[in-house]
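Input sequences plus hints: build the corresponding full structure.
Residue numbers (the numbering used here), protein chains in the order written: chain B, 62 to 497; chain Z, 16 to 96.
Nothing false has been slipped in among the hints.
Stretch by stretch, here's where chain Z covers chain B in the computed footprint (C-beta under 8 Å, at least three residues):
(1) 91-101
(2) 167-178
(3) 199-205
Hints were generated in silico from the structure; no laboratory data involved.
Predicted, not measured: the structure shown is a model, and the values here were computed from it.
Cβ atoms here follow ideal geometry from the backbone N, Cα and C, with glycine treated the same way.
As a plain string of letters, each chain reads:
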Amino acid sequence: MTRTFDVVVVGGGPGGIAAAAVAAEAGLRVCLVDDNRSPGGQIWREFDRDGTKDNPHWREFARWTERLRRTRCEIWMGSQVVDQPAANVLRLERDGEVLDVGFGKLIVATGARERFLPFPGWTLPGVTGAGGLQALMKAGLEVRGKRVVVAGTGPLLLAIAAGLKGAGATIVAIYEQAPLRKLAGFGFSLASYPAKIAEGFGYARKLRGVPYRTGCWVKSAEGSTQLNRVNVTDGAKEWAHDCEWLACGFHLVPNLEVPLLLGCEVVDGYVAVDAFQQTSVPAVACVGELTGIGGLEKALVEGQIAGWIAAGREEKVRAFSTRMKKLQSFARRLDEAFALRDELRNLCTPETIVCRCEDVAYSAAKACGSWREAKLHTRCGMGPCQGRICGPETEFLFGWRDTGVRPPILPAKLGTVAGVLDPDQSDASVLEQVPT
Amino acid sequence: MATESFIIKVNRTEVRVTTDMSVAAAMMMAGEPCRISVRGEPRAPMCGMGICMECRATVDGRKHQRTCQVMCVPGMEVVTE
Chain B
62 MTRTFDVVVV GGGPGGIAAA AVAAEAGLRV CLVDDNRSPG GQIWREFDRD
112 GTKDNPHWRE FARWTERLRR TRCEIWMGSQ VVDQPAANVL RLERDGEVLD
162 VGFGKLIVAT GARERFLPFP GWTLPGVTGA GGLQALMKAG LEVRGKRVVV
212 AGTGPLLLAI AAGLKGAGAT IVAIYEQAPL RKLAGFGFSL ASYPAKIAEG
262 FGYARKLRGV PYRTGCWVKS AEGSTQLNRV NVTDGAKEWA HDCEWLACGF
312 HLVPNLEVPL LLGCEVVDGY VAVDAFQQTS VPAVACVGEL TGIGGLEKAL
362 VEGQIAGWIA AGREEKVRAF STRMKKLQSF ARRLDEAFAL RDELRNLCTP
412 ETIVCRCEDV AYSAAKACGS WREAKLHTRC GMGPCQGRIC GPETEFLFGW
462 RDTGVRPPIL PAKLGTVAGV LDPDQSDASV LEQVPT
Chain Z
16 MATESFIIKV NRTEVRVTTD MSVAAAMMMA GEPCRISVRG EPRAPMCGMG
66 ICMECRATVD GRKHQRTCQV MCVPGMEVVT E
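Below, the structure is given as structure tokens:
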């Protein structure tokens, strides 16, 4: 069964919500599709629950979700895009069922995920993403009394550390791999010492007493079946911390799977769009982190632009042009400030796992000349995450670029792939047999 | 919306959880790995947002569930896979 809408929006974070709200308010029939349980994406994760109202972003979340709920936009949660079976049709999977949805215009707002980089011990239980530990905490994980090292790179490290500390965790230290001079160049012109950076982000008070050091990174993690120690370096000295958790993430990479499935042109790691957010594929727009990691405000503005354009209201977009330029420049400077240092390419030992799904070691992956060769010879990137984790890793480590996506783009049930609706097949997962 | 506390089973261990807790969080609190990797390493949740697939476990007999995307319900039985 195929239902058709004027506009389908994929991704229910800020960009998708703004796009859907504006398009629906303009009178279009809109459907918002999202993989999660509730709208909000990552930055607004779980904001629909009690106890989140003290978050500075809550009011904006409430305003936009209220705006969307007042429209007749249909919201389909728990729905993953797995394929494009025909032009202007997306195939979704929801609770093991196949669902096709047709669109006149498509707005993709699938956001970003954390970038992970391998180092010895990073597969130990207790080593999580930085945003990963935050998401788990928001999903009920008790962090009270736990010792946590927060490390990696990006402006989110401070927010995450502040959130964990606020929930009762002991933040042992925060280690930012970017050197201070780059952060200072980014526009923290007052950043004569690290505390000023934290202050610049507004987390200084919450992080009082927590060491924040730039130009430092995790060299390895230790433990037998559970993390118990983290070794850190500044390139000259090495030291260690005992802890229960290491929350480690290296800024963000866009979730390009849906744009690549649709054939959108990607330049320098981001979807290429014009001033109206339109991609190289007719009727397909991309907004938010897909076009450059720039955060909440950029996503909201781009979402509104795409929504107005879908409604044929070009004149509404002009008002955003000055702000858009600033936001795009901010995104570029963010990438430069938190660029990964070369030393991070040399952390792995030959045995360090690069592809976690298939347990492919660094030495085996390195012996291959390309992403394709690694897939064929080592199964690197062939497991259920389909390269979502090791793709960005190997791009950084070896300069490989994973350009193609083959459906299904998330591990789908056999029935979904065949296009058959059969709830009895709910156990016939093809998780271990994703297509080459 | 008040949270309600109840028991679920993680590998035969009883764990007290709440309605707003994901199965991944419950497994971490129980100190149980979600899955054993191809080479036999224990693995636990990493990305927390349904992408890395490290938190796959068997939930009420259904294999390969991304436990960070599944919420706890009373009487649930979760098994490391």
